[in-house]
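One letter stands for each residue in the lines below.
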Amino acid sequence: MAELFWLIPLIPGASALLLVLFGAKLSRRWVAWQACSAVFLSFLLSSAAFAHLVRLPPGAPGLTKTLFAWISSGPFTSPIAFAFDHLTAVMTLVVTGVGLLIHVYSTAYMAEDRSHARYFAHLNLFTFFMLVLVMASDLVLMFVGWEGVGLCSYLLIGFWFERPAAAKAGMKAFVVNRVGDAAFILGILFLLANVGGSSFSLINKAAGGGLLPSGLMTLVAILLFIGATGKSAQIPLYVWLPDAMEGPTPVSALIHAATMVTAGVYMVCRLSGLYAASGPASTVVAWIGAATALFAAAMALVQNDIKKVLAYSTISQIGYMFLGCGVGAYAAGMFHLVTHAFFKSLLFLAAGSVIHALAGEQDMRRMGGLRKHLPVTFPVFLVGALAISGVPFLSGFFSKDAILTGAFAGGQYALWGAGLLGAVLTAFYMFRLVYMTFYGKERTAMEPGHSIHESPRAMTIPLVILAAFSALAGYVGLPVFFGEKADLFGRYLASSVKSGSPHLAVPTEGLLVLLATASALLGIALAFVFYRRTPALPSRLASRFPGVYRLLVGKYYIDEVYDAVVVRPLVRGAEKVYERFDLKVIDGALNGSAAAAGLAGKGLNFLQSGLVRDYALAFLIGAITFLGFLLL
Amino acid sequence: MTTFMALAPLLTVVFGALVVLLLEAFMKRANREPLGYVAALALLAAGFFVIRSWNRDLDYFGGRLVLDRFSLLLIALFVILGLFVLLMGLKYAARQGMNLGEFCGLVLLAVAGLMIMVSSTDWLVVFLGLEVLSVASYALSGLKKTDRTSSEAAAKYFLMGSFAGAFFVFGLALVFGTSGSLDFSTLLAGGVSGAGLAPAGAVGLGLILAALSFKIAIAPFHMWAPDVYEGAPTPVTVFLTVGPKAAGLAVLFRLLVPLLRNEPFAAVFGSALSLMAVLTMFAGNLAALRQRSVKRMLAYSSIAHSGYLIVAVIAGDGPSLVFYLVVYLFMNAGAFSVLAAMSRKGVEYTALDDFAGLGRRYPWLAACLSVFLLSLAGFPPTAGFLAKFYVFSGAVREGHVALAVAAVLASLISVAYYLKVIVFMYMKEDQGEAAIDQENPALYLVIFLCLFGVVQLGLWPGNLLALIRQALSAAF
Chain A
1 MAELFWLIPL
11 IPGASALLLV
21 LFGAKLSRRW
31 VAWQACSAVF
41 LSFLLSSAAF
51 AHLVRLPPGA
61 PGLTKTLFAW
71 ISSGPFTSPI
81 AFAFDHLTAV
91 MTLVVTGVGL
101 LIHVYSTAYM
111 AEDRSHARYF
121 AHLNLFTFFM
131 LVLVMASDLV
141 LMFVGWEGVG
151 LCSYLLIGFW
161 FERPAAAKAG
171 MKAFVVNRVG
181 DAAFILGILF
191 LLANVGGSSF
201 SLINKAAGGG
211 LLPSGLMTLV
221 AILLFIGATG
231 KSAQIPLYVW
241 LPDAMEGPTP
251 VSALIHAATM
261 VTAGVYMVCR
271 LSGLYAASGP
281 ASTVVAWIGA
291 ATALFAAAMA
301 LVQNDIKKVL
311 AYSTISQIGY
321 MFLGCGVGAY
331 AAGMFHLVTH
341 AFFKSLLFLA
351 AGSVIHALAG
361 EQDMRRMGGL
371 RKHLPVTFPV
381 FLVGALAISG
391 VPFLSGFFSK
401 DAILTGAFAG
411 GQYALWGAGL
421 LGAVLTAFYM
431 FRLVYMTFYG
441 KERTAMEPGH
451 SIHESPRAMT
461 IPLVILAAFS
471 ALAGYVGLPV
481 FFGEKADLFG
491 RYLASSVKSG
501 SPHLAVPTEG
511 LLVLLATASA
521 LLGIALAFVF
531 YRRTPALPSR
541 LASRFPGVYR
551 LLVGKYYIDE
561 VYDAVVVRPL
571 VRGAEKVYER
581 FDLKVIDGAL
591 NGSAAAAGLA
601 GKGLNFLQSG
611 LVRDYALAFL
621 IGAITFLGFL
631 LL
Chain B
633 MTTFMALAPL
643 LTVVFGALVV
653 LLLEAFMKRA
663 NREPLGYVAA
673 LALLAAGFFV
683 IRSWNRDLDY
693 FGGRLVLDRF
703 SLLLIALFVI
713 LGLFVLLMGL
723 KYAARQGMNL
733 GEFCGLVLLA
743 VAGLMIMVSS
753 TDWLVVFLGL
763 EVLSVASYAL
773 SGLKKTDRTS
783 SEAAAKYFLM
793 GSFAGAFFVF
803 GLALVFGTSG
813 SLDFSTLLAG
823 GVSGAGLAPA
833 GAVGLGLILA
843 ALSFKIAIAP
853 FHMWAPDVYE
863 GAPTPVTVFL
873 TVGPKAAGLA
883 VLFRLLVPLL
893 RNEPFAAVFG
903 SALSLMAVLT
913 MFAGNLAALR
923 QRSVKRMLAY
933 SSIAHSGYLI
943 VAVIAGDGPS
953 LVFYLVVYLF
963 MNAGAFSVLA
973 AMSRKGVEYT
983 ALDDFAGLGR
993 RYPWLAACLS
1003 VFLLSLAGFP
1013 PTAGFLAKFY
1023 VFSGAVREGH
1033 VALAVAAVLA
1043 SLISVAYYLK
1053 VIVFMYMKED
1063 QGEAAIDQEN
1073 PALYLVIFLC
1083 LFGVVQLGLW
1093 PGNLLALIRQ
1103 ALSAAF
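Each protein sequence line maps, in turn, to chains A and B. Heads up: the first sequence begins at 1 in the working numbering, then just goes up one per residue. Heads up: the second sequence begins at 633 in the working numbering, then just goes up one per residue.
These are computed hints drawn from the structure, not numbers from a lab. Predicted model, so just to flag it, every value in this text is computed and none were measured. Even glycine gets a Cβ: it sits at the ideal position worked out from N, Cα and C. Treat the hints with care, since some could be wrong.
Stated by the list, open to error - Short derived list, chain A residues pointing at chain B, Cβ under 10 Å:
no.	residue
1	161
2	165
3	421
As the list claims (entries may be wrong) - Label-pair ranges, simulated between beta-carbon atoms:
no.	chain 1	residue 1	chain 2	residue 2	range
4	B	1087	A	51	28 to 38 Å
5	A	541	B	995	16 to 26 Å
6	A	112	B	1061	19 to 29 Å
7	B	676	A	56	55 to 65 Å
8	A	360	B	1067	16 to 26 Å
9	A	196	B	778	50 to 60 Å
10	B	1098	A	557	34 to 44 Å
11	B	756	A	561	55 to 65 Å
12	B	925	A	564	27 to 37 Å
Said to hold, decoys possible - DSSO-like mimics (lysine-lysine), calculated; alpha carbons at most 30 Å apart, straight line:
no.	chain 1	residue 1	chain 2	residue 2
13	B	660	B	1060
14	A	25	B	660
15	B	1060	B	977
16	B	660	A	555
17	B	1060	A	168
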């Protein structure tokens, strides 16, 4: 079955097409079944291809399938071809596996929605584009998926477009992403002009073989990375992700936590040859990652919307992944991507279950004490929170530790310190969320008669499965003091990505693990003190440092700055062009026609409005300028 | 090979126009649709001759009219364009009070003008073609005689066009005065020898370029375009946004590319053209942002596309230029066809608000328009993406990096307004009920063909590109 792997993206694609065209005529049951089974089939095929892949002898190339020739431009050609190697397998399994669970969860979560078919059509379409992105064997085809997931993300954020905030958030996500994409396409163009091809193997080979000038490599790597900051919500283009929480919660889990937003990390790993060969670009990646990790974690501290906390947390965790990639620990970055996909989608779906139970309430100040009411949601949420905080022996502990160890081993002590500080913040804001939501007094504002109830099976079963993975997924990549061969994940990926820095001595590594553990526990302890033992403390602290607090609540005023520096000048520019040329013309034409009506029967009198004379004058001035340019 | 057969496509079309105009006199007013079929037949016959002449390098009039593969390719494009326009017009004419006979005859004559322009190697013949095209276009844009904006468009186009024509002739006189010949090759020979042009010759060439830029709608000579594109009947708008643009660019390409390979010329014309390209892309895209009428928005978008096309000319990238033109024909004609479909007797819906909720009321029309708009915006994997991709990568390859960056940024802006229409169609509740008369099979055929073109060329562009490369390898 492995040789059918190229059907992995096409099955959800075909399902999406059917749902787009005929979804309105199909029954709700059928729509849900079709959407879920399409993703399930993809998941089966991915598993089969993965099984085939691990049985291959080491060093053997992965599966490739060229569907047909697509672009041929002079010296370079780019076929529509899918590849399935070790790195792809990881992403494909995550996308189809987590995707399947979220599809199942959605059948219950969206059961009552009036645009049920449209929802599943878009979700399948997203899966299709995401799998194209992941399985593309060259950069141009990856860009197709890259743009496609952006489009689907836009459609799904704005899914409830009756809410103006949702429509606006979708637009914002799309526009910010397009800014990144413009840089991305420029990077591709530069690569094409200099490498003469766009397949990943060719690019990595050219970069590794020293065929490219280092300045060009840095330029291309940074342009592509700007694209990644758009898609993966990193500084400076992260602003869209918090707003994207206007979409349905399963969408936030699938697109804005587990899969699409990590596409940038995947891209950097895919081109690890290029990034490894360009020192400055790697430094930029690492520092942007570290800065985002801290910056976003700080914003998560003061959010009151349960989904917004998770959104900033996602931004921060993706920062960790880039930090890992930037210091050369690509496998660690991918490892964190996988564990994050599990625990973050778990957290989102569990938050969705909370929101579902409270009939749409998202403000944590009106939650509290839900522990008793949600006997399934609470324990699984706790597992997710412990995992993301990096509490020992859950998945997040191992993957975060792998990144921090990588930074330390590479001699980047400042980055390592930043990561450690971020870990404290992470544990703090996660347990702040846990305490505010599940402990303490009930502050819910529910109407009488509406009791808080646990969600249906279709929602809780995916939660339990994800909780199991969040707890256990870490054991595939154990740190080195469990033995040289304990890092199964790293060894598995060794053929696809550049390997990281040399291993540290066992005692050093042990010390690092202890420090990471200590920082996680410190964060949890602080949250306990602040939100459980002395709940008055946060407000006292806020009044003590009003400046810092306001800065955090105001999200550093980055949105306002962008608005003033980029958006408004552009709008004003368009306005100017519009007023100067268009308004005058329209009004002029109106005046002209009014005059013509007045002088009915006199033919083309309205021409004397002076407009044509204006045009001719413009023409003349243009021609004279042009000639002046030629002669001088 | 010099043979009378070189004139066959041209003569077929002109003959068809005459037949249509004569037949009209003998037909009842009620049903004149057969005239459209006769005109379409003439175009198909011309297409047949184009295929027959492929690879035979026919010429006539002492080599002044040449059917090399480059011109044949463009003539084929014009034949398809003409067919689309005719099919769009069949029902449209009756609904919007146009005379179908005049419409068909004028479209054929305008196509004949385009054919002359792209197949000539002599300035005077180019001018001949330009005038045939222009006179027909002036009349075409004013065909909705009861509609004030249409007559206004015609009058404006006529006045401005004559102005540009005067520039062209004056420039021609200067070029002739300095080089002593009206043949492209003399000018090229002067360029290749490295001598450059006498100042008067340069001025002449500059004036000719200005006049051609007017036809292509390049800033700062684009002022007329939005008014005319908006005011003209929709099928005519399709013709005007594609035909003159393609012919003007072909002439520019034939003339400029050899010249731009030459240092003294490249230094002067290259930077002037780059400046105009950037100006065009940004003026078109920025002005389109604020439009409330979809038709006018598409008019500005058409100006912006002229800018991208000029980038291909500057980079000397013939295959990308022609590929872009073909793709532009499909996506632009497609978008305008949907616009033409949004009509019933005496009414056309072009305001953005009329598109609110279209996705629910007419899902197929809305889906098609979305594909066309995404293609115009350059969204993969549509053909529009590939077209832009080829042009931009050609520019980078030839070292015009700044130009490519500007083009990418400009197309970034363009996404906003294309997307706005899609947002309106799918994400707004409909306020008014734009009731569409859906009885219009020929128009739906055009929409289908355009959709097919956009998807086919986006995924399997190989055959067309091979054809284009083959055509250009011989000519240049």
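Against the structure, the hints:
1. 161: 4 Å, holds
2. 165: 13 Å, violated
3. 421: 36 Å, violated
4. B/1087 with A/51: 28 to 38 Å: 36 Å, holds
5. A/541 with B/995: 16 to 26 Å: This hint is violated: roughly 55 Å between Cβ atoms.
6. A/112 with B/1061: 19 to 29 Å: 20 Å, holds
7. B/676 with A/56: 55 to 65 Å: 57 Å Cβ-Cβ, so the 55 to 65 Å window holds.
8. A/360 with B/1067: 16 to 26 Å: Once the Cβ atoms are compared, 38 Å apart, the range 16 to 26 Å for residue 1067 of chain B and residue 360 of chain A is violated.
9. A/196 with B/778: 50 to 60 Å: Cβ of residue 196 of chain A to Cβ of residue 778 of chain B: about 59 Å, so the range 50 to 60 Å holds.
10. B/1098 with A/557: 34 to 44 Å: 55 Å, violated
11. B/756 with A/561: 55 to 65 Å: 60 Å, holds
12. B/925 with A/564: 27 to 37 Å: 30 Å, holds
13. B/660 with B/1060: At roughly 45 Å apart (the allowed maximum being 30 Å), residue 1060 of chain B and residue 660 of chain B break the hint.
14. A/25 with B/660: 45 Å, violated
15. B/1060 with B/977: 26 Å, holds
16. B/660 with A/555: 72 Å, violated
17. B/1060 with A/168: 12 Å, holds
The structure shown violates the earlier hints numbered 2, 3, 5, 8, 10, 13, 14 and 16.
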